[in-house]
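K.L.:
Dock chains B and C against chain A, hints included.
Chains as they are written, first to last, in the numbering used here: chain A, 1 to 668; chain B, 1 to 668; chain C, 1 to 668.
It is possible that some hints are incorrect.
Stated by the list, open to error - Heads up, incomplete: computed chain C residues facing chain A, CB under 7 Å, no partners named: (1) E17; (2) P20; (3) F44; (4) W46; (5) W87; (6) R91; (7) F107; (8) W331; (9) P364; (10) G366; (11) P377; (12) D378.
Hint data in this document are derived by calculation from the structure and do not stem from the laboratory.
Quick reminder that beta carbons are idealized off the backbone N, C-alpha and C, glycines included.
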Amino acid sequence: MSSKATRSHLGVCYYPEHWPEDVWAGDARRMVEVGLTHVRIAEFAWSRIEPRPGEIEFGWLDRAVEALAGAGLKIIMCTPTATPPKWLVDRMPDMLAVAADGAERRFGSRRHYDFSHAGYLEDARRITRAVAERFGQHASVVAWQTDNEYGCHETTVSYSEAARQAFAIWLRDKYGTVDALNAAWGNVFWSMELHDFDAVALPNLTVTEPNPAHVLDFRRFTSDQVVRFNRAQVDIIREFSPGRDITHNFMGAVTDFDHFDVAADLDVASWDSYPLGMLERFGRDEAWRNWYLRAGDPDFQAFHHDLYRGVGGGRMWVMEQQPGPVNWAAWNPAPHPGMVRLWTHEAFAHGAELVSYFRWRQAPFGQEQFHAGLNRPDGSTDVGAEEASVVAGELQAIADAQTVDDATQRSPVAMVVDYPSIWATEIQPQARGYSGLALTFQFYRALRRLGQSIDIVPPGADLTGYAVVVAPHLIMVGEAAAQAFAAADGQIVFGPRAGSRLETHQVPPKLPPGPLSKLLPLRVVRVESLRPGVRVATDDGGAVHHWFEHVEVTGDAKVRAAAHDGKPVWIEADRATYLAGWPDDAWLETVLADRLIAAGLAIVETGDDVRVRDHGALRTIVNYGPREADASRLIAAADEVLIGDADLGVAGVAIVRRAAAAGKAQTS
Amino acid sequence: MSSKATRSHLGVCYYPEHWPEDVWAGDARRMVEVGLTHVRIAEFAWSRIEPRPGEIEFGWLDRAVEALAGAGLKIIMCTPTATPPKWLVDRMPDMLAVAADGAERRFGSRRHYDFSHAGYLEDARRITRAVAERFGQHASVVAWQTDNEYGCHETTVSYSEAARQAFAIWLRDKYGTVDALNAAWGNVFWSMELHDFDAVALPNLTVTEPNPAHVLDFRRFTSDQVVRFNRAQVDIIREFSPGRDITHNFMGAVTDFDHFDVAADLDVASWDSYPLGMLERFGRDEAWRNWYLRAGDPDFQAFHHDLYRGVGGGRMWVMEQQPGPVNWAAWNPAPHPGMVRLWTHEAFAHGAELVSYFRWRQAPFGQEQFHAGLNRPDGSTDVGAEEASVVAGELQAIADAQTVDDATQRSPVAMVVDYPSIWATEIQPQARGYSGLALTFQFYRALRRLGQSIDIVPPGADLTGYAVVVAPHLIMVGEAAAQAFAAADGQIVFGPRAGSRLETHQVPPKLPPGPLSKLLPLRVVRVESLRPGVRVATDDGGAVHHWFEHVEVTGDAKVRAAAHDGKPVWIEADRATYLAGWPDDAWLETVLADRLIAAGLAIVETGDDVRVRDHGALRTIVNYGPREADASRLIAAADEVLIGDADLGVAGVAIVRRAAAAGKAQTS
Amino acid sequence: MSSKATRSHLGVCYYPEHWPEDVWAGDARRMVEVGLTHVRIAEFAWSRIEPRPGEIEFGWLDRAVEALAGAGLKIIMCTPTATPPKWLVDRMPDMLAVAADGAERRFGSRRHYDFSHAGYLEDARRITRAVAERFGQHASVVAWQTDNEYGCHETTVSYSEAARQAFAIWLRDKYGTVDALNAAWGNVFWSMELHDFDAVALPNLTVTEPNPAHVLDFRRFTSDQVVRFNRAQVDIIREFSPGRDITHNFMGAVTDFDHFDVAADLDVASWDSYPLGMLERFGRDEAWRNWYLRAGDPDFQAFHHDLYRGVGGGRMWVMEQQPGPVNWAAWNPAPHPGMVRLWTHEAFAHGAELVSYFRWRQAPFGQEQFHAGLNRPDGSTDVGAEEASVVAGELQAIADAQTVDDATQRSPVAMVVDYPSIWATEIQPQARGYSGLALTFQFYRALRRLGQSIDIVPPGADLTGYAVVVAPHLIMVGEAAAQAFAAADGQIVFGPRAGSRLETHQVPPKLPPGPLSKLLPLRVVRVESLRPGVRVATDDGGAVHHWFEHVEVTGDAKVRAAAHDGKPVWIEADRATYLAGWPDDAWLETVLADRLIAAGLAIVETGDDVRVRDHGALRTIVNYGPREADASRLIAAADEVLIGDADLGVAGVAIVRRAAAAGKAQTS
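Okay, chain A solo, but in the shape it has when bound:
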C-alpha cells in the first residue's frame, strides 16, 4: 500500500456463504468494474467453516477466495470469532457473557461470548489457527481482520463468574497484597475491605453505587481482557501469515475499552462508519437530527477518522462504509444523493488508505434485511455502487496531487483523548449526563468550526511541535502525560476536572488539578453540578453550565474571565489555559479562537454545514447541509481546484491543491 497510484483504495464486504456459488465469479467481476480493489470475507462464517465439532470444511472458502482472487481482488480475511456456532455454545454454556442485571447474554445473534472465558479463548485460538494456516500464505490475502466490532452491543463488560475469577487474578497481579488493594480503593469507607483476593466481587447488583475505585479497576481489567483476546489472534496470524497487515474494525462512539491498547498489537486501525445510524445515537438535539437527517453529524465521521488514525499510529481504514439506509437505528432514512461519495472522499481526506463499503449486496434474510448494500437483494445496482464508481474515477484524477503522506504528516492542533478518563466520569459523573466523550467531541467540533485540522493522540504522546494542544477531559494524569505537557511548546487548553483523580481514583492530596499543579497554579476547592437550564455567566459574555468549579489561583496566573461573584472561570498561566466549568458552545469557540490566534494559526468560521480538512497539498471541503453552500472563503485564488468548485450543492465536495500548503504545513 505504498505506491502513489494505489494510495486511496476502495473495497467491499462480501459474504460468499450467503449466495449461491455460481454467482461468485460474476460478483467478483462486477466489483472490479465498479472500481473496487479489496474485498473482506469470512467474518461470520464459523458455522460453515466448522459445521460440526472439529469438522473443518474449507472447500467452499477455497473456491470463494479463488473466485475473488481470480478477478484481481485483494482479500482481507477475517477470523470468525464474533459468531461462535451453537454447538460450541451448547458444549460450554458458561462461555456466554453476563449482563449487569445477572442475565445470560444468549446465542441467537452475535458477539455471544465472554472475553474472560478460558475455554472459549482456546477455541478462538483454534479456529484462528485453522484459518490462518489455510489462507495465511495466499498471494491475494493482503490483510487480516480479527473478530468483528469489539464492544458492539455493549459486549465488553461481562459480570460472569469467569470474569470474576480473572479479575481476582488481575488484581493480585496489580496489587500484590489485599491490604494494598484495600488501601488503594479506600475500602474502609463502608467496611468494604476484602480479606482475600478471591473475595472480590464484581461491581454489579450492589445495593447502591459501588466503590468507584472498584469499578475503575474493573473497567481497566475489562479493557485488558479485550487486548488479551485480540493479541491471542494476532500472534497466531503473524506466525502463519507474516507480512500482512492485521487490523480490527472498531466502532464509532464505543469507549468501553482502550482502543490505543488494543491497536498497539495491530498494523492499522480500521473502523465502521455509519453516519446516519450514529446521528440517531449521538446527534446534538432533535432539530440537529432533523437537519442532518440524510447526511449525518458534520463532525462525527471526521472525529473518528482522526481518532482512529491516532489509534492506528497514523494508519487508518474505513472497513465498513454506509452505502444507503441501514437497519439498526430508530429511524433509517436514505442518504442525500451524493452523500456516499462525500463520506468516501472525506475519509481519504482524513488519511484513510482504504474505504470498504458494507456490503456488496443487500441480504434477503437475517437481521439486516433492511441494510442497503451496493446492490439490491435482487442483484440490481443500487445508489451506493453508482457513487462508489464515481469516487473510483475521481481518485484516479487526483492521484498525482497526493504529494504528502497524511499518515506521517502532523496537523497543527492536537487533541488528547484518554479512555480511562472517560470511564472515570461514567462511573462517578457527579452530574447526570456528564460525558467525557461528549465534552471531547464539543471541543473537536469547535476546532473544526474554526477551520482546524486535528490529530488525536493518547496521553503521554509527544506534543512538541503542535501549535495548540487541547485536553478536554483528562481526569487522571499519569507521569508520562504530565511530562509530555511540560515538554509541549504550544498552547495547551485543559477542560474542567483535569487532574482531579489519582490513578487509584482518589482525590489528589493537595486537591485538583493534582499532577498539573505546576502547569496550572490553581486549586479546585469545591465543585458543583448544575441542573439543565442553570448557567453561570462569565464577565466576558460567556457562560458555563452543567459543571462549575470554585477555583483559587495559587500562583502566577491571569483570570481571563470570572463569574459574577468573581470566581475565576478562564484561567491562563504562561501557555496553559484551564476552564473551570463546562463551556457553552459559543464561549468555547471564543476561548479556542483566542488560543489558536495566540499560537499563530489562521482561523476561519465554517458555520454549521461546511467542513474543511487539509491533508498534504490538498484541501477537501464538504457540505453536510441540506442546502447549497458557498465555500469561496476556503479556496484561495492561487489554489488549483481539482474536484468540484466553491458552489457546493447538497452533498457537495471540493478538492483543491493548495498553493500555500507547503508554508502552512510548517506551522506544525
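P.N.:
Using the frame of chain A, we list chains B and C on its own:
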C-alpha cells in the same frame, strides 16, 4: 338466539362465590327486573370447585345455578382455567410462564400458566371435563366460555423450557429437516445455523436482536399453542354439552395470537369492551384522550365489534361491557351519563347478539375494588344498572324494525386484517413505533369518518361483491390471499409494505410487493423510515411520514401523486391502489374518498365526534363528543326515527329505519 | 440535655478509621474550636472492629474515643450493622435481600442485609453486644445510634426466602387460621385462596397486580421486621449502657416502614437533613427546583423536623446536616452562602436538641468523594465549618431567650400522618402518581404559607386542645383514631379517601368514609381519577384534579362548594370538613384559611420564599428565596429582635422574642 323478539340480549357477569349464599336469589330476581336475560358465572372459581387436590365441590355451584335459573336467567358457564389454584402451582412449579427477561410469572393474580406445559394442559382438561359433565346438560346453561381473556397481561408468549421443547417439536413438524429450517431462516447470516432441532433456543436474552425469521416462527408457534389449549376445552364441552354455543371472551387491542385461528373452533366470538380504560392505552394523543375522557375513542369499540364479528364468522357478543369507572387504567374517570347506554346500542348496531355487563356488583375486596359494577359494593343501584334498564326498554321498542340479520349481511367495504403481518413489523419494524395495528386502525377511522360501514375479514376470505377492499397492513401474502385479491371485483387499496416478505420472512426474490406484483406493476427498490417531524410532501397536497418507499413503476400504472423529486407515492393500476408510505390522516381520507366514490359509494363526513353504522334496515348514530352534535345530514327526510333525534346530546343515540336501506344494501 | 445553656447543640460525624491516627487529636481540638460539642463515630466500622471472623479489635477505637473525649467532646456511638463485612456475607450468602425482580442485592456498598434473616440478626446482636459492652459505660459516650438510615436505598422490603418464611409465621400469628386469612384478603376473588400458611407467596413477580390486601399485610410485616431488628439492638444497648439516649438516624421522604413504631423503642428520633439533594427527588416542578437550587424546598426540612419531633415523642435531633454540595443527587450545586447557618437555625426552631454536620472532613476515596464536609479533603477549612462557627456564637447569644421547652409545647395546629395509609395508595393508587405523602406535604405547605406552626402526630394521638386538626390522607381509620377525632375539640379537615378502606383493605360495608361516618354524614358512592390537565371546577372558584369523588350527603351537613353539576366537593358538618377530591394548591389554601380563621387562629400569607416558626417565646423567620425578602409583617413592633432584622437577605435569618408569645401559646 333466533326469534325476532330476543335478537338483542342483555346479560351480566356474576360471581356467586363472592357473596353470601342468601343474597343469590334476590340478585337473580333483580337482574331480571333490570331487563337482563343472561348471566355468566364460574369464571374464576377453581379454588372453590376444587379446594384441595381432587376434592371437587359442586354443591355451592349447583345451588347458584338453581338460584339463577329459577329466576328465568340463561346461564353462560365458564371453565375456570385462567386461575389455577395455589396447590396446583405448588405441585407443578414449572407450569408458570417465563417472561422475556427470564423471570417466572408467579402465582398471586391470574393467567399464571404456560400454554405449552403438558401437565397443566392435562389438569385444564380434567377440570373442564368435571364442569362440563356436571352442567353440560342443564337446561338453563345455554352457552360456554373457555378460560378468560387469552393474551391479557401479555401471557401468550412464554420463554419457558416447556415452550422451548414444544417449539422444537413444532419446528420439526414444519420443516422436517434442520437444513430446511436453516435455509428458510437464513441462519447462515451470523453463523446461527442449528445442527439439530433440539438445539433451537428461544429468541429472548440474545445479545442483540435475534433473527426475525426465528421470532416470526416462534410467534406462530405461540399462537398455535393457544389454539391447541382452547381446542382441548372445546372438544370436551362439545362432548358433554352438545348444542350449546361455545365462545371465548377476547380482549381489545390484543394481537399476540391469531384470533381467526382460535375462533375457528368456536361458535361465536365475544370480547370485553372497556372504552375508557382502552382510551388510555390506545388513544391518539393527549388532547384526544382529554376530549374523549368520558366516552372512549369513537372508533375503538366499533373496530373491535367489526373485527370480532369477522373473527366469529358473523356472530359476535360483548361478554364484558364497562358499566362505570374501571380500576386498571392509569386514570379512571366516570363515563358521561348515558354513555353505558350508548356503548350498548352501538354494540347491537355492529351485530352483537348479546351485551353482558361486567359485573353485577362492585367487589369490596381483591384487585378490582375500584371497578364499578351495575350495583355498588353495598348493594345499592349504580348508574350502570339504570342505563341498562333504559336500553332493555328501548330494545323492545325497536325489535320489530330489526328486519335483516346483521350477522349475514355484508357491508359495502371490507378491511383485510392479518395477525402474522402485525407480528412481522413488531419483530422488525425498521422504524421505531411502526405498528400494523395502528396503521390498520387509521384506515378504519378514515373510512368511518367517511360514513362507511365495514366488514373485517382475514386474508384469503372471499372478496367478491365488496365495492371497496382495503388492506392497510399485509406484509405476507399467501397463495389464498393473492387469489382472493385477484378475484375481487371492487376497488382495492393496499398500504405500504404489502407483500414485502415471504412466509419465511425473506425478501421476495424480485423485491416487494412480491406476490402482489401482478396486481401492482411496481417494484419497491428502497425503503426509508423517517424521524417524527419529518414528512415527505406529495404533489397533490398530501404527505407521508414515518415510512417512505422508493418505487419504480414496472407496468401499466398511473402515478396519482408523487413526492417533490418525482418518486411515486399514490400508484393506481386498474382497480388496485398502492400507497408507498405511511399517509397523513387527511391525505389518507382524500385517497380513500376518491376510491369510495370511484366504487359508487356515497360518502359523508362525520367529523370527530359522530359515528354512523348501517345494519339491516336500521341506521344507528352516536355522539362520542363532550358537546351536542347535529346529525341531521345523516337522517333522510323519509327515514323513520325510532329512538332519539338529530339533535344529539352528549352520549346521544339516534336509531332510524332507513327508507333507502333496501337500495343501499344492494350496493354490497 | 436539660440545662438552659446547652439546649441547642452542634455536633459532627467523624470517621477516625478513614484518617491516620496522628490527626485525631488535632481534629478533636479543632471541632471544639468550631463550637461543636458532640461527635458521632463508628457507624460503618465493622470491618475494622472485626477484621476477621471473631477477631474483635477495639484498640484503635479505644484510642479514637480517648482522643475525642480528651478534647471534651461528647460521643454518640453507633452500631456498625448497616455494613456487614464481606467475610460475613461469604459465610451466609442468603443474608442478602432480594429485589422485587428477584435479583440479589449484593455486597459492595452498604445496607446489604435482609431484615428477616435469622443468622444475620444473630450476628447483628453479637457485634452490638461487643460494642455496647466495650463503650457502654464510658463517661463521654452520651448516646447511641442504631444502624444507619433504615430504608435508605429502598432496603426495607425484601423478597427473599427468609422474608417469605417469616411472613408466613407473621400471618399465622395474625390470623390463626388460613380460612381467616382467605376471608380477610378476599382471596376467593381470583381463586387466590391458600390451603396452608406455608403456601403463602410474596407479592412480587405476579402476572398482573397482586391482591392489595396481600401486599398491605406484606408491607405491615416488613415494617414490623424493622421494628424487630432495631429493638434487638436497643435491648442490648439498654442492658450495657443504661441512661444514655438511644436514637436512629431516619431519612427524609422515606415511608417504607412505620417510623412511629420503630421510634417507640427509642429515646429520641433523629434524621439526616440534605435539603439540596432532596430537592431533586421531591421538588414540585422544574421551575421550583431551579428557583430553590441552592436553598432546598422551603417546607421539606420543616416538615421533617415536625414529623420526627412527633415520631420522637417530642425529642428530635438532626444527626446529619448537609454542609455543602452532596454527591448523590442527579445534580449537586453548592448552597447559597449562609444557607448552612439557616438550615441549622431552622432545625433548632423546630425543636432540634442537636444539629450534627455530616461530615468533619470530605473523604478522598469511596462513594462520597464529592460529598462536602466541614473541611476539605486536604484538611483546609470549608464554608460549612465557617458557618457552623457563626451559629455556635449565635446560639450563645439567644440562649437566655429560650424560655419554653419546645419539646413539650404544643403548636396550635396538628396534622395526622399514618404510614399504612401511605402504603395503601402506593399499593392501589387507582390514579397514576397518587401519593399520600405528596398530599400530606401539600397540606403542610399550605398551612405554612398561612404562617402556621404545626405538630405532626400519629392516628390515635390525643387531639384535644388543637385549634385545627388536618388529616390529609387517612385511608384506614382504626378504633383509637376514630375516638380521637370524636374527642377533638377543634376544627378537623379530612382529605379525600378518608376512611375508604378497612384494616383488611376491604371497602367499608356501608361505603366510605366508613368509621368516620358519624363525624361526616356523607357517603362516597363513586370515585374517579382524572388525567393530568383535567380539573373539576367548584362553584366557589376553586378546583380539584387527579381525584374526584361522587358524594351523597346523608345527614346534617353544609355543602360549602360544589362541582358544576352540583356534586358536593367541600362538605362541612359541625366541626368536621371533608374534601371530595384532590385540591388545587390555591383552593386548598382558601379552605384551610377559612377553617383556621373559624378556629380563631391568626393567619399571615408568607409567600413562596419566607417561612416562620414560633417556638416558645421565640419566632424564627427564614428566607429560602434567591432574592431579598421583607419580613416586617412577621415582626410586631413590640418584639425584640435578637438575630438579623426584617430585611432578609438571601439565606437570611431573623430571630425575635415575641411580645405576644405567652398569649399566642394559649391558643393551643
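K.L.:
What hints, given by number in increasing order, does this structure fail?
P.N.:
Checked against the structure, the hints that fail are numbers 2 and 6, while the rest are satisfied.
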